[in-house]
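Asker: Sequence:
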Amino acid sequence: MAGHSKWANIQHRKGRQDEKRGKVWTRITREIIVAARQGGGDVAMNPRLRLAIEKAKAANMPADNIKRNVDKATGNLDGVTYEEIRYEGYGIGGAAIIVDCMTDNRVRTVAEVRHAFSKHGGNLGTEGSVAFQFKHCGQLVFAPGTSEDKVMEVALEAGAEDVVTGDDGSIEVLCAPTDFEAVKKALEAAGLAAEIAEVTMRAENTIALAGDDAARMQKLLDVIEDLDDVQDVFHNAELDE
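Per UniProt numbering, the sequence shown starts with residue 1, numbered consecutively.
Derived from the structure by calculation, the hints contain no laboratory data. Zero decoy hints are in this set.
Here are the in silico distance ranges between beta carbons for each label pair:
hint, residue 1, residue 2, range
1, Ser118, Arg86, 13 to 21 angstroms
2, Arg114, Ala58, 30 to 38 angstroms
3, Ser147, Ile85, 37 to 45 angstroms
4, Arg86, Lys23, 14 to 22 angstroms
5, Ala111, Asp71, 31 to 39 angstroms
6, Arg86, Glu153, 30 to 38 angstroms
7, Thr26, Asp149, 35 to 43 angstroms
8, Asp100, Arg50, 14 to 22 angstroms
In silico SDA-like pairs for lysine to any residue, Cα to Cα no more than 20 angstroms straight-line:
hint, residue 1, residue 2
9, Lys23, Asn65
10, Lys23, Leu227
11, Lys219, His115
12, Lys55, Ala193
13, Lys219, Tyr90
14, Lys55, Glu188
15, Lys150, Asp179
16, Lys57, Ile196
17, Lys185, Gly159
18, Lys185, Val199
19, Lys72, Trp25
20, Lys67, Gly40
21, Lys57, Ala193
22, Lys219, Asp240
23, Lys72, Arg48
24, Lys185, Met152
25, Lys72, Pro47
26, Lys23, Glu83
27, Lys150, Ala186
28, Lys185, Thr146
29, Lys72, Gly41
30, Lys23, Lys57
31, Lys219, Leu124
32, Lys119, Ala214
33, Lys55, Asp228
34, Lys185, Glu153
35, Lys57, Asn46
36, Lys72, Val24
37, Lys23, Asp228
38, Lys57, Arg68
39, Lys55, Thr200
40, Lys219, Asn123
These numbers come from a predicted model, not from an experiment. Think of the CB as a built atom: it goes at the ideal place given N, C-alpha and C, for glycine as much as any other residue.
Sequences are here, hints too, so could you generate the full structure?
Answerer: Spelled out as structure tokens, the structure:
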């Protein structure tokens with residue numbers, strides 16, 4: 001179960017996201033609204049809403065804000081209707097990029113995403129052009145030094161599909177999206193807290209970029225992530241700092 005370490009790239013991505021905390025409440029609010037609208041406002045029956053509320057609490061969003069957004073989505077308050085849209089494209093060196101958006105204006109969003117790609121060396125593709133290079137899964141990443149045997153025992157017992165150990169000792173647990181909550185809770189109950197725990201689009205294979213190509217790719221990703229309607233950006237580039 002040995003595999004290439006993604007620790008540096010994962011930490012880099014997390015650091016970039018932490019720098020952009022000004023947008024985090026907006027993104028979480030949209031996620032809460034869509035999750036509640038699709039699956040109802042009962043957190044016991046709506047795992048997507050539970051996960052969104054967990055993110056909101058981790059970002060220190062007040063309980064009143066959370067409740068108001070759930071009420072808005074379930075018809076107790078008037079609100080904006082958001083739709084989810086996924087765009088796929090190519091970055092520097094042919095790297096694959098997936099852009100998940102929530103928007104109240106599809107025309108505006110696609111224009112902004114297309115402009116970001118074309119202006120910064122990428123190009124927007126068609127639906128399905130790169131998605132096959134990613135796997136929709138739950139991902140929990142543990143820092144180097146965490147007990148591999150303990151993580152593997154607990155994770156596999158809880159229903160994880162795979163445990164991948166990086167060259168630097170970092171450990172990645174992968175599971176089906178539907179099993180994510182159960183696996184995460186089992187690991188936490190065993191005293192194993194993941195540095196990153198999310199349902200994500202994980203690249204099956206990566207493309208290494210260095211020097212100017214890495215810098216250009218990072219610029220493209222930054223511009224896309226800064227768009228107001230963008231919720232998440234996934235890619236298969238390994239960026240050499």
